[in-house]
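Asker: Given the sequences, and given the hints that come with them, work out the whole structure.
Protein chains: 2
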Amino acid sequence: MLARRGWLSLSVGRLCLGGNYGSGMRYFEDLRVGNKFNSADYEMTEGEIIEFGRRFDPQPFHTDPAAAAGTLFGRLVASGWHTAAVSMRLMVLGEMDLDGGVIGQGMESLRWPRPVLPGDRLRVVTEIVELRPAPARPDRGVVKLRCRTYNQDGKVVQEMTATLLAARRPA
Amino acid sequence: MLARRGWLSLSVGRLCLGGNYGSGMRYFEDLRVGNKFNSADYEMTEGEIIEFGRRFDPQPFHTDPAAAAGTLFGRLVASGWHTAAVSMRLMVLGEMDLDGGVIGQGMESLRWPRPVLPGDRLRVVTEIVELRPAPARPDRGVVKLRCRTYNQDGKVVQEMTATLLAARRPA
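Going down the list, the protein sequences come from chains A and B. FYI, the numbering for the first sequence is 18 to 188, going by my numbering. FYI, the numbering for the second sequence is 18 to 188, going by my numbering.
Treat the hints as calculated values from the structure; they're not laboratory data. Among the clues, some could well be false.
DSBU-like cross-link-like pairs, simulated, lysine-lysine; straight-line CA separation at most 30 Å [unchecked claim]:
(1) B:K161 x A:K172
(2) B:K172 x B:K161
(3) A:K161 x A:K53
(4) A:K161 x A:K172
(5) B:K53 x B:K161
(6) B:K161 x A:K161
(7) B:K172 x A:K161
(8) B:K53 x B:K172
(9) A:K53 x A:K172
Bear in mind that the values here come from a model prediction, so they are computed numbers and not experimental data.
Answerer: Structure (structure tokens):
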């Protein structure tokens with residue numbers, strides 16, 4: 018739908034440094050149900066899988082390739098929370114580009130139908146599924162979206178339905 | 018319900034090194050609806066909030082205290098995915114101590130009703146809300162749990178309802 022961005026590092030710089038953050042391209046009024054937004058892709062290295070696992074999900078199937086062989090998974094796999102964190106990064110830096118940022122209210126569902134393996138390259142497609150006013154916040158609208166994370170084979174490794182608050186265009 | 022563990026670092030060592038991992042105290046048969054399990058606590062430092070934000074949720078309210086003042090939050094707050102990752106760590110290392118590990122099937126809901134601020138100390142209480150067989154996996158049972166993450170003032174900062182697969186006691 019939109020040209021795929023090739024400049025992830027530039028995006029990171031722009032957002033992290035906060036230079037012109039908030040000058041995103043889209044307000045609530047610019048979104049339509051059915052819009053889809055792509056992301057760059059992200060390689061899940063064995064080193065990062067182990068580092069994240071040791072810090073946040075210390076179980077042998079996330080931290081130790083040898084010990085992982087004797088577990089339910091039979092090999093090292095990424096923590097689902099690592100996949101979720103990387104998916105957030107890809108969505109924040111992706112095409113959706115909301116003015117005021119991506120501010121989640123909550124998830125209705127979050128599933129990991131397939132394990133993420135070392136070397137997998139992940140990308141995210143975010144689809145708008147519902148738009149409605151935010152009664153308590155007249156300057157914002159509620160956006161329900163379905164965010165699917167795919168591996169390099171086009172298989173879904175995470176599916177999330179979430180609601181977020183998007184800024185309305187200033188009068 | 019059980020004595021609160023004070024030896025988080027020992028737990029980390031045990032699980033990360035994989036020494037006697039899998040010798041957890043509890044199988045599916047040992048769980049009862051209504052059981053509650055505590056965790057140690059975890060301080061969310063400003064440095065870690067910014068580091069996590071830069072890597073996985075690069076928006077100024079997670080990465081830059083000065084720029085955060087001009088955003089919806091008005092100050093630096095932790096990414097919800099950071100809170101989720103820390104909550105997973107606390108649950109994995111906490112009292113529940115499932116044999117075979119904590120293997121999530123999916124979340125039914127995940128909400129962040131209050132922001133997490135630098136210096137907050139988080140802890141998790143996990144409650145068993147449903148137990149049923151896993152038709153496709155006779156060696157496992159399905160556990161539905163509600164996992165609430167509290168700050169040092171006893172306020173809920175994350176609430177999650179999730180299902181996981183727990184190992185049955187070998188015959």
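Asker: None of the hints should be skipped; say for each whether it holds.
Answerer: Going through the hints against the structure:
no. : hint            : result
1   : B:K161 x A:K172 : holds, 26 Å
2   : B:K172 x B:K161 : holds, 23 Å
3   : A:K161 x A:K53  : holds, 12 Å
4   : A:K161 x A:K172 : holds, 23 Å
5   : B:K53 x B:K161  : holds, 12 Å
6   : B:K161 x A:K161 : holds, 25 Å
7   : B:K172 x A:K161 : holds, 26 Å
8   : B:K53 x B:K172  : holds, 17 Å
9   : A:K53 x A:K172  : holds, 17 Å
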